[in-house]
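Q: Once you've looked at the hints, go ahead and assemble the two chains, each given alone in its own frame, into the complex.
So the sequences go chain by chain: A and B.
Start counting the first sequence at 1219; every next residue gets the next number (our numbering).
Start counting the second sequence at 45; every next residue gets the next number (our numbering).
By construction, these hints were calculated from the structure, which means they are not laboratory data.
Sample of chain B residues at the chain A side, in silico, Cβ under 10 Å:
{"no.": "1", "residue": "142"}
{"no.": "2", "residue": "156"}
{"no.": "3", "residue": "185"}
For glycine and all other residues, C-beta sits at the position ideal for the given N, C-alpha and C.
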Amino acid sequence: MTTITETPAVDQGAAARQLSYVKAFNEGLAQAMREDENVFVAGEDVAGYGGVFRMFDNLLDEFGPRRMIDTPISEAALVGLGVGAAARGLRPVVDLMFMDFIGVCLDQIVNQAAKMKYMFGGAVSVPLTITTASGAGLGAAAQHSQSLEAWLAHVPGLKVVMPCDAYTAKGLTVSAIRDDNPVVVMLNKVLLGSTSEVPEEIYGIPLGQAYTARQGSDVTVVALGRMVGEALAAADELAAEGIEVEVIDPRTVQPLDTETMFASVRRTNRVLVVHEAVTFGGLGAEIAAQIQDAAFDYLDAPVLRIGAPFSPVPFSPVLEKAYVPDRARIAQGCRRLLERA
Amino acid sequence: MAQRASKRPAGPAADQASAQVVMDLHERMVRIRLFETEAGRLMEAGKLPGFLHLYVGQEAVAAGVMAALRDDDQITSTHRGHGHAVAKGVSFRHMYAELYGRVTGACLGRGGSMHINDVSLGMLGANGIVGAGIPIAVGAAFAARYKEEDSVAVSFFGDGATNIGSFHEAANMAAVLRLPVLFVCENNGYAEFTPQSKHMLLTDVADRAAAYGMPSVIVDGMDAVAVHRATVEAVARARAGEGPMFIEAKTYRYYDHQGVKGLRHPYRSQREVDEWKARDAIDLLEARALADGTATRAELDDTWQRTRDAIADAIAYAEASPLPDTADLLLNVYSG
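Just chain B, with the same shape it has in the complex (with noise of 0.2 Å):
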């Protein structure tokens, strides 16, 4: 398993928008960018089996929220999964293997995108059912606290998940445990092709955490920054023992629930797209840095150029990776 090795960067220590952290979210987020665009042509080259749910437009969420993670906290994530399995670190490599079905993926073939997971990585689980692994992260926060080890556990999920059962089991639960959880909804407007008006009489999925006496916050979750101090703070608090908290991120999502093309039958306005790419994760976080100092120009591209090699290569690994052994199909069906 060495060869999983993080290719991220290092995460930061401060809960302060340092020089050091704004590069570092940048970077995460420029990861999930290319990685996303990039698997959504080879879908569109048909050389993807399956669905792929792209993360496109909420980069921020996930790299403003890992940003204030270490390695051996826990994450369950959704069916968009790829942004939050980047920004943990997973390897490019075992994640477009994985997308093309190779046995040299992270699962070894056996996942696909909706699956994609690195254990050694602290990430439970992308899961092809909604709201599934909300429960399982308040059982990683309860082996965290049996252990007598001072990791959270955090679980993201959309706004559409916190219409299912196990979201409001899973609340209720590690409310009354007092459970170090985090509870991240990227509300991004729409639970498939349902607008949020539709599947809840709620402007604000938080208020739904006022009914499991859960703390909660709302921040802009086109703001990397925004995000990553109110996550600063809410695993700060999950550490020194004080309970679950909840975080709604408002964010949007480029591109459809499934796959690269339009629709025919479009569910939303081109307006309404171009309103929230008009405030776009990764251009407001560069114009920041650059207005501010932080970076230049060159040092920005550098990080998108190194990025497009890297994923250029990790996908000459895929293409070049053998397909499983179908002899090998009942392999880790039981342990033992």
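The shape of chain A in the complex, shown without the other chains (with noise of 0.2 Å):
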């Protein structure tokens, strides 16, 4: 198991290193590549492409056609394969390209890949990672740009993360890699291209554990994957008239660590949840329903949600502005919670 001190801290030296969302994630892919020998990774466009937002850039030149494999376009025979090489022992990346496909392959991810360890009484494990990428905002429209979170972390048998910048990206993936359990790892599109401090030596983020990306005492912002960098910027905003936001970043959806929120509830006594996909049915219900549960006692106001509207994603560019949460609401929503007081 890899545990909170296997993280390294960011250097916050002048010489620390910038690296991109994208290039964290294939940095810390292909240190988990070199670490087992069991990793490898199936999908389409993977290997002689090196996938379509560069995932897997250079990966087909250092691990060869054994253990970058592209497959044809057949999202259930391509997780499948996951399944039963996990069942047998191998550690798989199995790539989706767009989130929306999950579509074509969730009996495989809900039935097979969740239920297996369940349903065989523990006699197998299944170590299968599933990359794959989520949000709105490249114009891409309906079918590539959803965030279907709740979906899957309402299965059991499955976790779930949402790194939210580049250091979160590559110790994200390489816990997904090294779990025992399927995991899917929702990289966020707008996201690829932002940069963060990055080290260069393998680790690991532990599933499960909320970051505080922000320490406040006035509002507490639960926010998930993009989102969080929205929260911090609203936070910016807010500090500048005197109101201090708490910010969460859970990292991972499923298992979802609510400790964290329910401390920072107690000392804040306000909450807003913010995420991209639609409000009704999603994480922000868990999460809101959990915390009146836990510390409505301590709650000044009713846990608020932002989301996006009960909407396919709009491909206009405006519309599609208008539907994803920003920092502009979330400062609003923030700044609506104090007036209750």
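A: Take a look at the structure:
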């Protein structure tokens, strides 16, 4: 098991290395492949082309066609290949390119990968990693832009991670590959080119442990994936108004670290949950319910949720921009919460 | 896990219908037949929870294929998986205990009839989802090649499952990756209650293999020796790195899709059932063994009696076994 002590602190010095989100993912994957001969990658266009988002650049050169496998466009067979190989002791990384495509292979994810250990009486593990790109913002429209984490987080047996920056992308990817369970790594498309400081050595970020991205005393904002950056920007804006926002990044949405949220809510007494997915039936509902169950007496206002409207993701940039929550809506939400006091 | 040791006889290495092969096939089929008919009686007596999809009639396929495999060869099965499990060597005790929902069952009482498995014997699961085991077998074959082992993977499925996308995706994937997989279609003529003529326009499911550049063979699924010979050839081919193969075994299911009692709304004629039963796989093999002097009636009867005794022991074991502890409800949801 990885532990928090394995996670190196980001070097704040001038020499600290900046790396893009997609390159951090690529580096973590390559290091995990060097670490364990049983790790291989299969997917559409992952080997020869390097992945449509350059996620798998240069890996074919280093690891060869035995460990980098281009497959037909057959998501059910692709995930099934991963399930069977994982059950036989390998650690497959299978790539679904766009998260929207999971509809094609949900049986293999939900009924096979997630349930195999349980239904086999514990006799087998499925150390399968599924990588995919989620999120709106590229004008890719309703079949290439969804955030479907709530679908997957609802299924016992699966784990789901949503890295918010390059540092987290590398650490969560390494932990996903090392984990003995099926883990879905949701990379955010808009963040692919964003940079942050990333240590060169291999490190894992513990699954199921939230990170307090900013400390504050007035409002807790629980933000998923790309919304972490928006929440931090909103916090900067609110700090100028004298409002101190605490930003919590769960990092893993299944298992979900609720204790860190409860502790924060007991200090701030107000909480806003923000995610890119539609609000209805989203993880914000689950988080709000759990906070009200565990910390109702500490709340000075009902838990507020911000997410997308109940609509497919629109294509037109003006509509898409209005669809996805942003720093302005988060800041406005925090102000609304404080007005109730 | 020592108690899960195989109770079946050692598989023969020869690919000819030697006396040893015939007796091995006979024993595997008798074990399936009696396991299933006893399970049916238990279900009728109200002793078993859940569903029961019986394999009776199709024994020659499981026996013929499994006698050509090693313990390290992997199989994926169907919702009608008891026959495959018995033939692969899963113990009667663990199978009946699973049917009873006992903690001593093959899946600790978490799987039940539709999901019996034993990974120690290369059984990667019966499956409640039609067609779902097919890509998993392809993954197991991939792992064998990745690890440079010469084991093969066999996926069993019915005629109805070849209408599922997973079959087509997996067949194509196995073909282009040239993986050591056998696709074994047990064509019993019915997808649940719908006859083949209404769910596909083909007479031979094996024709579908050609679409993926995969060789295929059609065998009499009531002739265990024929199934075995075809499988021996296909396994040798796969072990040699020549890629997947498709075997269609024409067979028949004596009971209904589910359960043991006759349906109120018949979907097939008694005449059809009788015609297939007249070519019963066990009867055919016994007649052949007696005619060519491979076995005496007493030797064949001895197999039946030993199997009956083992089944009585296993049912007693299951009925005496404890139920799962509800405190362990969340056991094995996750690893670690």
